[in-house]
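**Student:** Each chain, written out:
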Amino acid sequence: MAGDALLTVGELRLRHRQAGVLLDGVSLTVKRGQILGVVGESGSGKSLTGLSVLGLQPEGSLSGTLAFDGEDLTRFTPRDWRRFRGHRAAMIFQDPMTAFLPVRRIGPQIVEQIRLHTKLSRQAASERVVSLLARMGVPSPEQTAQRFPHELSGGLRQRAMIAMALSCDPELLIADEPTTALDVTVQAQILTLLKEIGAREASVMLITHDMGVVAQSCTDVAVLYAGVVIETGPVASVLQTPLHPYTQALLTAIPPMDGPRPERLPVIEGVPPSPETRPSGCVFAPRCPQISPECAVRPAMRGEGAHRAACVLVA
Amino acid sequence: MSALLQAKNVARTYKLGSGASLRAVDGISLELARGETLALVGESGCGKSTLGRLLMGFDRPDTGEILFDGQDLAKRSSHAQRVLRSQLQMVFQDSASAFNPRWTIGSALAEPFRIHKRPYSRQSLEDLLERVGLSGAFFDRYPGALSGGQRQRLNIARAIALSPRLIVADEPVSALDVSVQAQIVNLLRQLQADLDLACLFISHDLAVVRQISDRIAVMYLGAIVEEGETLSLLASPAHPYTRALVDAVPQPGKPLGAPLQGDVPSPLSPPNGCRFHTRCPVAQPRCSTERPDLEERQGQRRVACHFPLM
Numbered sequence: 001m002a003g004d005a006l007l008t009v010g011e012l013r014l015r016h017r018q019a020g021v022l023l024d025g026v027s028l029t030v031k032r033g034q035i036l037g038v039v040g041e042s043g044s045g046k047s048l049t050g051l052s053v054l055g056l057q058p059e060g061s062l063s064g065t066l067a068f069d070g071e072d073l074t075r076f077t078p079r080d081w082r083r084f085r086g087h088r089a090a091m092i093f094q095d096p097m098t099a100f101l102p103v104r105r106i107g108p109q110i111v112e113q114i115r116l117h118t119k120l121s122r123q124a125a126s127e128r129v130v131s132l133l134a135r136m137g138v139p140s141p142e143q144t145a146q147r148f149p150h151e152l153s154g155g156l157r158q159r160a161m162i163a164m165a166l167s168c169d170p171e172l173l174i175a176d177e178p179t180t181a182l183d184v185t186v187q188a189q190i191l192t193l194l195k196e197i198g199a200r201e202a203s204v205m206l207i208t209h210d211m212g213v214v215a216q217s218c219t220d221v222a223v224l225y226a227g228v229v230i231e232t233g234p235v236a237s238v239l240q241t242p243l244h245p246y247t248q249a250l251l252t253a254i255p256p257m258d259g260p261r262p263e264r265l266p267v268i269e270g271v272p273p274s275p276e277t278r279p280s281g282c283v284f285a286p287r288c289p290q291i292s293p294e295c296a297v298r299p300a301m302r303g304e305g306a307h308r309a310a311c312v313l314v315a
Numbered sequence: 001m002s003a004l005l006q007a008k009n010v011a012r013t014y015k016l017g018s019g020a021s022l023r024a025v026d027g028i029s030l031e032l033a034r035g036e037t038l039a040l041v042g043e044s045g046c047g048k049s050t051l052g053r054l055l056m057g058f059d060r061p062d063t064g065e066i067l068f069d070g071q072d073l074a075k076r077s078s079h080a081q082r083v084l085r086s087q088l089q090m091v092f093q094d095s096a097s098a099f100n101p102r103w104t105i106g107s108a109l110a111e112p113f114r115i116h117k118r119p120y121s122r123q124s125l126e127d128l129l130e131r132v133g134l135s136g137a138f139f140d141r142y143p144g145a146l147s148g149g150q151r152q153r154l155n156i157a158r159a160i161a162l163s164p165r166l167i168v169a170d171e172p173v174s175a176l177d178v179s180v181q182a183q184i185v186n187l188l189r190q191l192q193a194d195l196d197l198a199c200l201f202i203s204h205d206l207a208v209v210r211q212i213s214d215r216i217a218v219m220y221l222g223a224i225v226e227e228g229e230t231l232s233l234l235a236s237p238a239h240p241y242t243r244a245l246v247d248a249v250p251q252p253g254k255p256l257g258a259p260l261q262g263d264v265p266s267p268l269s270p271p272n273g274c275r276f277h278t279r280c281p282v283a284q285p286r287c288s289t290e291r292p293d294l295e296e297r298q299g300q301r302r303v304a305c306h307f308p309l310m
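Chains as they are written, first to last, in our numbering: chain A, 1 to 315; chain B, 1 to 310.
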């Protein structure tokens with residue numbers, strides 16, 4: 001049912017022996033039929049959050065809850081994970097070139113994945129690949145299935161990768177910066193495709209650094225900073241009235257595409273905390289222009305309705 | 001207008017192994033005035049970086065000429081070239097590969113002075129660091145100690161070390177996070193104003209380009225399709241390709257328009273007629289046979305289109 005929680009991540013923490021704290025309380029929910037944007041800057045933990053959902057996070061102590069359609073992912077055995085990955089939840093990456101084996105044709109690689117998870121015959125699986133490629137907007141899908149990854153353009157490779165990810169009808173598609181390497185006109189094509197997928201086929205978790213991408217393709221958004229989800233809510237609400245000072249600063253740092261041109265772009269002073277300087281209170285406090293004594297304690301998510309932020313300024 | 005840099009009908013073709021040839025830059029003319037910023041925008045493979053390299057003198061055009069301060073670099077003696085070169089500097093996207101990791105930051109900054117036999121002191125180099133917003137305390141440290149944004153500041157410090165008159169910046173902020181990107185964009189604008197620097201800013205990011213440039217030249221498959229004043233060009237594009245680029249920029253509060261279909265054709269076999277006609281939403285039969293010239297329109301706009309949108 002649309003609107004039901006498909007994936008619930010609660011207070012997810014990941015500590016790595018060398019790198020220190022990587023995730024420090026990530027809480028988010030992906031509902032059925034939703035496209036959730038997970039947005040943040042480099043090192044904020046957005047990709048790690050996506051990887052953790054598939055049990056692919058680096059070695060380290062992981063705590064918190066990960067529930068998928070009522071199942072507890074933290075109790076999964078390697079065998080459970082093999083059945084889960086690619087079948088119920090699939091992931092696509094920024095660079096489709098590394099997702100395909102360069103020495104095999106596109107079609108057989110997708111057929112292999114389908115036959116691993118279903119009982120379809122080779123013939124039926126091949127037909128399914130062609131119809132999948134066609135649905136992803138790949139021109140002449142029969143011929144394209146017989147080509148090698150390097151023979152396709154970047155945009156077509158990305159479509160083929162999305163076709164592979166959707167080949168076993170997953171309920172969740174995790175897309176990690178799927179358009180970052182693409183030109184802007186091709187990016188627009190892929191975002192349109194992801195929106196269609198979100199509306200019809202699977203829930204989507206779209207990991208990106210680009211607020212513009214979130215604005216145009218997501219229904220909801222979770223903003224990450226230094227391994228913490230600091231704001232979450234429906235896209236329109238978060239972008240129009242951001243509650244957290246970090247979200248506010250991130251949005252004003254983007255040069256505007258219309259209206260007057262500012263003399264200087266507003267910037268966020270300082271850098272994200274390193275493992276040694278990690279504050280015990282609010283993680284953004286050292287860079288925050290509106291700091292107060294209460295910020296010494298890590299604020300909980302607060303706010304009314306679906307739009308919430310982890311900041312003491314929120315009533 | 002006294003042009004600092006002038007390119008006249010510049011073309012460059014690269015021969016490829018299989019007997020094919022790639023016309024990367026196909027007859028481009030442009031001018032850049034003192035202290036002005038011209039942005040070159042376009043998608044991958046449109047030739048914007050090749051054009052930047054030609055203008056820097058890293059590579060020679062097959063035909064056409066490039067004049068810096070009225071002089072053709074290629075026709076000067078090697079000594080005169082070296083003197084002129086100090087006035088032209090380049091900033092690349094990848095600041096990590098721009099520095100020798102085994103040289104201290106101080107010696108990296110001193111190198112241009114040594115090459116051009118100009119006097120320098122530790123104090124002058126530390127001043128240079130501070131000018132780009134880095135602490136002088138970095139002098140004895142190594143580039144590995146810097147974050148991406150700090151390294152790009154160092155990259156800029158080295159480029160302005162010899163007080164050049166022109167900087168060619170090839171995607172200088174594309175690899176940076178948006179908050180750091182804003183800092184570097186501010187820094188570049190500040191330095192340009194202080195030092196009367198002209199800048200050729202190569203980028204695919206229209207929002208950044210809008211913030212930093214005075215004029216924009218839009219390239220598609222080796223040629224300029226539209227050129228004009230930044231704010232007016234972005235507000236009312238005349239070429240359908242410029243329109244598509246502007247519409248494809250994801251922005252809060254604006255729904256995504258119908259995306260342009262297809263991919264950029266291979267530059268190895270560009271389409272006949274208008275290069276853009278295979279993807280153009282308003283193409284007519286004439287567009288597939290007759291290549292439009294870049295012609296002056298109202299308001300100092302130059303457009304290469306038979307059916308411009310203004």
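Some clues are possibly wrong.
Below are the BS3-like pairs computed for lysine-lysine, each with C-alpha atoms no more than 27 angstroms apart in a straight line [unchecked claim]:
| hint | chain 1 | residue 1 | chain 2 | residue 2 |
| --- | --- | --- | --- | --- |
| 1 | B | LYS8 | B | LYS75 |
| 2 | A | LYS195 | A | LYS31 |
| 3 | B | LYS75 | A | LYS31 |
| 4 | B | LYS117 | B | LYS75 |
| 5 | B | LYS15 | B | LYS75 |
| 6 | A | LYS195 | B | LYS15 |
Calculated from the structure, these hints are not laboratory results.
All values reported here derive from a predicted model rather than from experimental measurement.
**Student:** Now look at each hint and say whether the structure bears it out.
**Tutor:** Structure-based check of each hint:
In summary, the hint linking B/LYS8 to B/LYS75 is supported, as the alpha carbons are separated by about 15 angstroms, within the 27 angstroms threshold. Between A/LYS195 and A/LYS31, the direct Cα distance comes to roughly 15 angstroms. Compliance with the 27 angstroms bound is thereby established for this hinted pair. In summary, the hint linking B/LYS75 to A/LYS31 is not supported, as the alpha carbons are separated by about 66 angstroms, beyond the 27 angstroms threshold. Of the pairs offered as hints, the one joining B/LYS117 and B/LYS75 holds, with about 23 angstroms between alpha carbons and a cut-off of 27 angstroms not exceeded.
For the proposed pair B/LYS15 and B/LYS75, the alpha carbon gap of about 24 angstroms is at most 27 angstroms, so the pair holds. At most 27 angstroms may separate the alpha-carbon atoms for a hinted pair to count; A/LYS195 and B/LYS15 exceed this at roughly 42 angstroms.
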